[in-house]
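Trainee: Starting from the known structure of chain A, fit chain B onto it as the hints suggest.
Number of protein chains: 2
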Amino acid sequence: MVSAPKGLEGIVAANSGICFIDGERGVLSYRGYDIHDLADHSTFEEVCYLLWFGRMPNQKELQELQISLWRESKVDAGIISLLRQAPGHALPMDVLRTVVSALAFFDPEEKSNDHEANIRKAIRLTAQISMIVAYYDRIRKGLPLVEPDRFLNHAANFLYMLTGERPSATASHAFDVALILHADHELNASTFAARVTAATLSDMHSAITSAIGTLKGPLHGGANEAVFRILEAIDRSGADPVDYVRGMLAQKKKVPGFGHRVYHTEDPRATHLRKMSKELGESSGEPKWFQISRRIEQFINEDKKLNANVDFYSASTYHTLGIDLDLFTPIFAVSRVSGWTAHVIEQLDDNRLIRPRAEYIGLEYPQKYIPIGERQ
Amino acid sequence: MVSAPKGLEGIVAANSGICFIDGERGVLSYRGYDIHDLADHSTFEEVCYLLWFGRMPNQKELQELQISLWRESKVDAGIISLLRQAPGHALPMDVLRTVVSALAFFDPEEKSNDHEANIRKAIRLTAQISMIVAYYDRIRKGLPLVEPDRFLNHAANFLYMLTGERPSATASHAFDVALILHADHELNASTFAARVTAATLSDMHSAITSAIGTLKGPLHGGANEAVFRILEAIDRSGADPVDYVRGMLAQKKKVPGFGHRVYHTEDPRATHLRKMSKELGESSGEPKWFQISRRIEQFINEDKKLNANVDFYSASTYHTLGIDLDLFTPIFAVSRVSGWTAHVIEQLDDNRLIRPRAEYIGLEYPQKYIPIGERQ
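Chains A and B are the protein sequences, given in the same order.
Those letters in the first sequence? Residues 1 to 376, by our numbering.
Those letters in the second sequence? Residues 1 to 376, by our numbering.
Hints were generated in silico from the structure; no laboratory data involved.
Here the structure is a predicted model, which means the values were calculated and not measured.
All C-beta atoms in this analysis are idealised placements derived from N, C-alpha and C, irrespective of residue type, glycine included.
It is possible that some hints are incorrect.
[What the hints assert, rightly or not] Once the Cα atoms are required to be at most 16 Å apart in a straight line, the calculated EDC-like pairs of lysine to aspartate or glutamate come out as:
1) K275/A with D76/A
2) K111/B with D326/A
3) K141/A with D326/A
4) K252/B with D303/B
5) K111/A with D326/B
6) K368/A with D40/B
[Stated by the list, open to error] Stretch-level coverage of chain A by chain B, calculated; a stretch enters the list once three of its residues show a Cβ under 8 Å from a Cβ in chain B:
7) 79 to 86
8) 215 to 221
9) 234 to 242
10) 283 to 295
Next comes chain A alone, as it looks inside the complex (with noise of 0.2 Å):
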């Protein structure tokens, strides 16, 4: 047996054709493409596209993926129903996370595990999560659910179907950026899981149900709603973001939103969201949550020597675009779906039961079995 360090921090469980970081360079691609041509110049169709088959898709093949997402964005009545039911205090990744369990019972195809098989469920969960995140706010607020526009794209879809009004350009650019930007990020904790379960020939909502209870924790995608309970706090209080920070530290209190496993450089993500925080802010008429965020970062890149991350303009940005800050962590699994269904994808087409060992610490083998009426 050969000891890994904690965490399997730097250990190489898996070769994969997916993602490729160079955390010294900074480096983030799919596919061998870099996150930054792809953000500047693709859409999250095309980076699904990219993610499920491998390569870029031509005019023809982006349209009937975009067709396809479209079609697919339909649940059953069950799942409506199970949207209601939920009570009112249920947190919403248990709700997602339970919804898209039983998307299973649904699935035209959930006793198949081959490669097509899979790709099919792919698209049919991406569509069908974003709708259920929609849906589920929509259902809490008492309002009357909308149904996905044929003519929008699905990032902007995903916006009509949660506010019921068509976003406008920027909003739905923007959106349709930080949906590329979440996509996937190699063997991140959520993916490995979804791996793991896959891993024993379970099915791909198997799958995908591990990697969104392991996505609601806050070391993982649970990170951007701490950033933006933090910009609040600071903002109703009147606090100097500065003061406010430092006071967090001195109380030895972690900032979310800085430091990466990975990356030693900035994360190229938050190149992305920086920026699109910034516009949304202007163009809202509401900097504020930019220009909080922004100083802080200032401070903890001189004082700690940490980067922002792609948790922290999340944040601001998604406030921005009328998002709820419990819907942050759902929202990353809109995205993010792509990526894990890919890895499972992945997984299957060459696969081996991930079983790793544990190195025992506990009471010295052979303990005495004492019956139980002679015990202390």
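Mentor: Below, chain B alone, put in the same frame as chain A:
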């Protein structure tokens, strides 16, 4: 970065004081107590106490846990309604995964993730999963639900809630031993998935939901179901068991229930399950399932030099206990939830995010981004 063997084979991914396995000597122990002692002298409740609290209970502590398990054997009406709404064609493990995820909606401590709260959640989940599996089967058969009996132990109560009849001493002892044998097995795939999920500081329900989805796979919990399908096919066709299995091997089919990544000897759990399968077969007047199993085992021992694992004799044992084939894997969860929850608690007591790396083997970076109009 350090490359690990495929499937993390032989890689120590965590330190753990829960389960000690010596694959060379055929040793399995929980907290230092040999599985043979536990199977011969202990009860499932005692094993739960041992797993969760790290030591054997005295009489009073054991009694308190038994009362707690009975007292927590209740679920919200919303859970019963979810069980009733699952379509008839839904797979039992999909239903279990979904319903356990939904238990989070009603958990009084959903937002607490500390050691003490998680011990209470472990007790609740162990009680509730047993009830859910039994009630699922009653509901799909259109039978009335059966309240657990204060004076039966956990194993007997499961059989009572499942069948509506107080089980014989032989049946409830056999099921109790089966629960003991399946309670934990170090970093098996479902337990590892639970730890990966918990390590983002997500919550107990997310972790157990991941574990259930992972257990579903035929390379893990699904194997005992696959074993029984073969016994059934042999019985139906009237074929000689050895001829049948020889035919499978000739078609390059894997015979489920044999071999184990960790044990190079007989799986110590198989020793007890073989004995139970034999005894139950004799006492029920239906020895054929044991007899078919035994012939297969002797042939595979000689021909392939492979030993029976935990799944092989659990198939005939569960069938003889009157349990439907498609409940074999859910029943694995009825037991393993004790180990899963112990591992989640241990993970959180000394947590680090589990986030390995991938070796990139895809298209060379950087690929030139070609505008869509110019693509082939």
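Trainee: If a hint holds in the structure, say so; if it does not, say that too.
Mentor: Against the structure, the hints:
no.: 1; hint: K275/A with D76/A; result: violated, 39 Å
no.: 2; hint: K111/B with D326/A; result: holds, 14 Å
no.: 3; hint: K141/A with D326/A; result: holds, 13 Å
no.: 4; hint: K252/B with D303/B; result: holds, 14 Å
no.: 5; hint: K111/A with D326/B; result: holds, 14 Å
no.: 6; hint: K368/A with D40/B; result: holds, 13 Å
no.: 7; hint: 79 to 86; result: holds (count 4)
no.: 8; hint: 215 to 221; result: holds (count 7)
no.: 9; hint: 234 to 242; result: violated (count 0)
no.: 10; hint: 283 to 295; result: violated (count 0)
Violated hints, in rising order: 1, 9 and 10; the structure is consistent with all others.
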